[in-house]
Amino acid sequence: MIKKVRPHPTQNEALLFETSSPGKAGYQLPELDVPAVDPAEALGAEHVREEIPDFPEVSEVDVIRHFTRLSTWNYAIDLGLYPLGSCTMKYNPRVNEAVARTEGLMWIHPYQPDALSQGAFAILADLEKALAEITGMDAVTLQPAAGAHGELTGILLVRAALEAQGNARKRVIVPDSAHGTNPASVRMAGYEVVNVASNDRGMLDVDALARMVDEDIAAIMITNPNTLGVFEEHIAEVARILHSKGALVYMDGANMNALAGISRPGDYGVDLMHLNLHKTFSTPHGGGGPGSGPVAVKKPIEPFLPLPRLQHAPSGWSWNYDRPQSMGRVRAFYGNFGVLVRALAYIMAHGGDGLKRATLDALLNANYLRKLLESHYEIAYHAPSMHECVFRHASTGAIAKRLIDYGFHPYTVSFPLIVHGAMMIEPTETESKQELDLFADALISIAQEVEENPEVVLAAPHSTRTTKVDEVAAARKPILKWRG
Amino acid sequence: MDPENLRYTKEHEWVRVEGDTGTIGITFHAQKELGDIVYVDLPKQGAVVQQGKTIGSVESVKAVSDIYTPVSGEVVEVNGSLVESPEILNKDPYGSGWLVKIKLSEPGEAGQLLTAAEYQAYVGTESS
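Residue numbers (this note's numbering), protein chains in the order written: chain A, 1 to 484; chain B, 1001 to 1128.
Source of the hints: derived by calculation from the structure; they are not laboratory data. Keep in mind that the hints are not guaranteed to be accurate.
Calculated pairs, DSS-like style, for lysine-lysine (alpha carbon to alpha carbon, straight line, at most 27 Å) [said to hold, decoys possible]:
(1) Lys1032/B x Lys468/A
(2) Lys356/A x Lys371/A
(3) Lys1091/B x Lys468/A
(4) Lys1091/B x Lys1044/B
(5) Lys1101/B x Lys1091/B
(6) Lys299/A x Lys245/A
(7) Lys245/A x Lys1053/B
(8) Lys299/A x Lys170/A
(9) Lys1044/B x Lys477/A
(10) Lys170/A x Lys1101/B
(11) Lys1053/B x Lys1091/B
(12) Lys1032/B x Lys1091/B
(13) Lys298/A x Lys371/A
(14) Lys477/A x Lys3/A
(15) Lys1010/B x Lys1103/B
(16) Lys1101/B x Lys1010/B
(17) Lys170/A x Lys1053/B
(18) Lys1010/B x Lys477/A
(19) Lys24/A x Lys3/A
(20) Lys129/A x Lys371/A
(21) Lys1032/B x Lys1010/B
(22) Lys1044/B x Lys1010/B
(23) Lys477/A x Lys1091/B
(24) Lys481/A x Lys468/A
The structure displayed is predicted, hence computed values, not measured ones.
Let's have the full structure, built from the sequences with the hints guiding it.
Structural data, given as structure tokens:
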């Protein structure tokens, strides 16, 4: 047995506190060449701390090695397929990053005069126009800072538009296959949530909906394709039912990755919707974002959009604050500019044909995996899959953990909630056939293990530095500080 | 296994009426579907609740589920032991895992709810 000195990425890592050695420091100061000052005298004794308990004493290289080793623990989209898909992680072409780092864009300041910001105005206007065309809507605000912020803005727009007609109404219908944040947005906007169930094809039950819609319903908040990855075939009929009672159709654009360049929500009766730029238009995912949730609306809702709006005159671009029906501001400044630059760069690099191709690739990849896997796993709904496919298995959690041993990040576990034991897989447009084959091989191999050697799956993962975590104990009795 | 003397809802709550007080909990089926329960959010004593409305939530490692009260009235007692030991809900959903006691404002409501046999039939159709 050798003593392996150097911690390897697969070995655990001590905390910096634990590697501390008295007297070590990451700095060395020169001799003091001015008179010394007593901090207690200068600042007051009560402001001087005698000692910082357990402050780690380590050298510069100790710190560098510690954090560099930790950084190698991460599974990332730059290392391999990430089956959580566009919601969580999708490959963003590097050229968008280069564009966003253009000097004039990177150092622009929101308080610099309009005359010096004409290029930035034009970028925002071009992006609004592009998003309006992609969604089939008439106007877009780029102000909301994230998808859920866009949802809230959208439902407040519903309220503003209906109030202007004299009655804001009381309830918003949310299908059980909708995006998880929708009911929260409805409540925050002061409406009651009414649920409507999906039918056995994984689609909205149109008859149930028709019975539900009355003059108290303000809107439906529908995700299309829904969280099952199924396109709501009767979406135009749904819109007709809502409109016949004076209610609006709000679409959650979370799954726009399945539609961009092919199908436009504005063409099938949607009145307003938000987009999550990170899901479809290649902007940063989580981990510091920042996010962006533009809201696109049809003409009748445009007067209510947040202040300010972009306006163009022969003298150039400026902000328009003179909009008496506006719902008001939803954020300081006009959205997260650097993110918007990336989205426009992505759209322009692709063009209409390129966006369509990306969408078709996303659909092809999801359906290829479905085909490879459906003789090994039970598909939750037989309706055609769009950009993601949902299987079901009683051991979905264990299978997901076993995938880690095969070198893949787990898929989405136990969501959508309406599928018991859900295994949701979204490969996105980026993945090659080779990578998809490797992923399918891993899942097929695990399906065989479940039959022949279930213990190995139930106890997974085996190849990680931390073995299976007791999630129940962690949630019931969490230890939230060092040394308990 | 669902006690005969309780009444049930399609949202998987039960109520036991004694005099003018109703004790509320979630069913065996509900705790089984949720899996290991790790957190319970309950209304405060004195809260006035209305039948069918959300009064709190139950969180497992898989999901968070709303609790809908099967009866209307005022919350007169809350099962504080669930805060420290939410696992009681898994172990004894019809006994020590009760959630709240409600002084009934509409004593007739409970009679409209499902009987044990009706609830079992409903659970059967839902899972098939």
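**OP:** Quick one: which hint numbers does this structure break? Sort them smallest to largest.
**Re:** Violated hints: 10, 13, 14, 18, 20; rest satisfied.
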